[in-house]
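J.: Okay, here's what each chain looks like letter by letter:
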Amino acid sequence: MTAHGRMTAHGRMTAPRPWRRRSTPWLYLAPALVVLGGLLVHPIYQLGLISLFQYTQAQVSGGEPTTFQGLGNYTELFADDQFWQVLLATVVFAAACVVSTLAVGCALAVLLTRVRAVPRLALMLAALGAWATPAVTGSTVWLFLFDPDFGPVNRVLGIGDHSWTYGRFSAFFLVLLEVVWCSFPFVMVTVYAGIRAVPAEVLEAAALDGASQWRIWRSVLAPMLRPILVVVTIQSVIWDFKVFTQIYVMTNGGGIAGQNLVLNVYAYQKAFASSQYGLGSAIGVVMLLILLAVTLVYLRLLRRQGAQL
Amino acid sequence: MKLPARPAVLLAVMAATACAPQTSANSSSDKDDKTGTLRVWLFQEVGNKPKEKVVDSVVAAFEKAHEGTEVDVEYIPVETRAQRVKAAFNDPASAPDVMEYGNTDTAGHVKDGGLLDVTEEFGDWPEAKDTDPTARQSVTVAGKVYGAPFYVGVRALYYRTDVFEEIGLEVPRTMDELASTARRIRAARPELYGLVVGGAYTYGAMPFVWANGGEIATGKDGSYTSAIDSAAAQKGIKAYTSLFTDDNCPAAKCAGMGGNDTVTAFAAGKAGMAIGGDFSHAAVEAGKVKGKYAVVPLPGVRAGSVAPAFAGGNNIGVLKSTSHRTLAVALMRQLASKKTQASMFGAMGFLPTFSDVRQQVAAKEPYVKPFARTLAAGTRFVPASPAWAQIDSSLVLPTMFQEVISGKKSVAAASKDAAKKMDDAFGTAG
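First to last, the protein sequences are chains A and B. Position one of the first sequence corresponds to residue 1 (full-length UniProt numbering), numbered consecutively onward. Position one of the second sequence corresponds to residue 1 (full-length UniProt numbering), numbered consecutively onward.
It is worth saying that the hints were derived from the structure and are not from the lab. There may be inaccurate statements among the hints.
Residues of chain B clear of chain A, computed beta-carbon distances all greater than 12 Å [as the list claims (entries may be wrong)]:
#	residue
1	D32
2	E52
3	R184
4	T326
5	K338
6	D356
7	Q390
So the derived list for chain A, only partly shown, Cβ under 10 Å to chain B, looks like this [claimed, not checked]:
#	residue
8	E204
9	G253
10	G255
A quick note: this is a predicted structure, and the numbers were derived from the prediction, not measured. Using N, Cα and C, we set each Cβ at its ideal position, and we do this for glycine too.
Looking at chain A on its own, in the form it has when it is part of the complex (with noise of 0.2 Å):
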């Protein structure tokens, strides 16, 4: 900016005419607008315009006419009683996901301050590998842990060839235990990084004080780290309420009489399973919505905090 308005005096001694001024931004963000555009805007816009319409297999291939539905689709989403059950059912298991991927993230967070090197050396590789699996690999992994016939958990329990997958608060237990499982290291990492960043002083004069480690956490840690707090939840909430992989290959495809369908396994089954897209569409722009109110909460929050961040 400033090279450039210096050449416009030096040179014609006009002031620079007032859209190139406006246009120059712009155009150092067209190459990421138009990608943005193509991979983003684009997808959801088509989205939208499906579940507008009587969109099925034989509309696509040209068996039968597409018709515009209008609100067809959302009305009939509505007013299906199994989506409102998986809708509260999906809140309330990211909820849990969230809550309890805090706690353990935090928690091994804190605890990785605490232990020398070799020990946190150990539990950090333990937590990458955690990380780096992929979820299909894993949850086939907690599967087979928690098998009745061959895991080792239920021999080592002594319960015999007990079903874990049978009972609905079972399998979403078990489930919540994989999500969790492979999502706190993204916590545990972020939190360490963010108590590595608060001064040492702090924390001693706290101490001094005669502070127990949960007051200082409470009364210290945690307000200095609620800006990282702030992100680590929302980003939790975002990636739990999305979860697929795992309640599709643990429950095998959402559970006996679907009992563990979450939102977006329950979308995959209507829009492709069964081939009705335009109603898949309806559910996809829902969740659209409601990440998207999450997504403006946070980014509220984000401004809120100033440039803390």
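Let chain A serve as the given structure and place chain B on it in line with the hints.
T.: Same frame as chain A, but now just chain B:
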């Protein structure tokens, strides 16, 4: 120089250029080339080599008879066939000319506009008169024929001869005896399931409904009404779901099982009895129970009767988008001919769809007898409606069975809900 930089502008441009989702122009091709390359898609089976051998000889003879013609056969995995077929319908340019498809998909494929109406050519085909009626029904939608039956598959009762002898059991002759025999096996040998059943095993469960006089749906060509909540059907559902108890097949383990899981359990020697198909023969032979089992038709309600089985199987069809109509139909006939089906039985054990050919092979291979008897006793088929594909893939029936098994709903409530879902599907999909 001025760029349409704002996303809003971009959006507006896109909105102006496209106002409906994409649709493929899958109209029937007018071309009928007499030479060129024919593309064929067949299913990749477990142990596919013998199938390839039979197909190769058919193809070689076909290429010899039709000069200037080449046949390119591709074997597609069964698990991803739905995606492949959808893709073929969406993009006729990459679609095959001839393909194998599951007989429950016929109506759905027709509705999607993918299959060619071959009623005339099928009628002109001398061999077609020996096609058994159920097989013919499985290629027929609204009175028109969309392919040639390739093989049929039916399920019957597998049981462990050594276990029966040890406990001193008789082969059950009625459905009630089946249940009591299953419980006696479990009581005497607690490490075994009596009769291994699966909550997601629709085609193992349906014979119980049919034997009790129930139906999935009633109606004809196009307009169906669900009948799964009728009194007779409910009786059958009760009979099947009452097998999921700790004294036969514990719900916690069996509710989630599908057909393959039950056959695997039987083959591994973990069950006294199982409902398996003729196509399961190879898998059971390869298991621990080889030489220690026998097969009989699944008993019906009355002594001596056979519970109606589901007539599964595959067909060979021609795609609407083919540009070699005459050649493709000729190849379809060759692939589904009596001669090919007889050698395919020898190679893969697929049961022929021609009554006379089936009798010939049953005389040679004793293991076919109970399956041939089951077929002869009368089989059933799923509603020939495009809605069936949707009902099947949205797991309406497995959900119903699992709801009853897990005690979430009563038989009456679960079957009523299933009937409503099915009627919704029949209503929207035709």
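J.: If a hint holds in the structure, say so; if it does not, say that too.
T.: Each hint tested on the structure:
no., hint, verdict
1, D32, "holds, 20 Å"
2, E52, "holds, 29 Å"
3, R184, "holds, 21 Å"
4, T326, "holds, 23 Å"
5, K338, "holds, 32 Å"
6, D356, "holds, 36 Å"
7, Q390, "violated, 5 Å"
8, E204, "violated, 50 Å"
9, G253, "holds, 8 Å"
10, G255, "holds, 8 Å"
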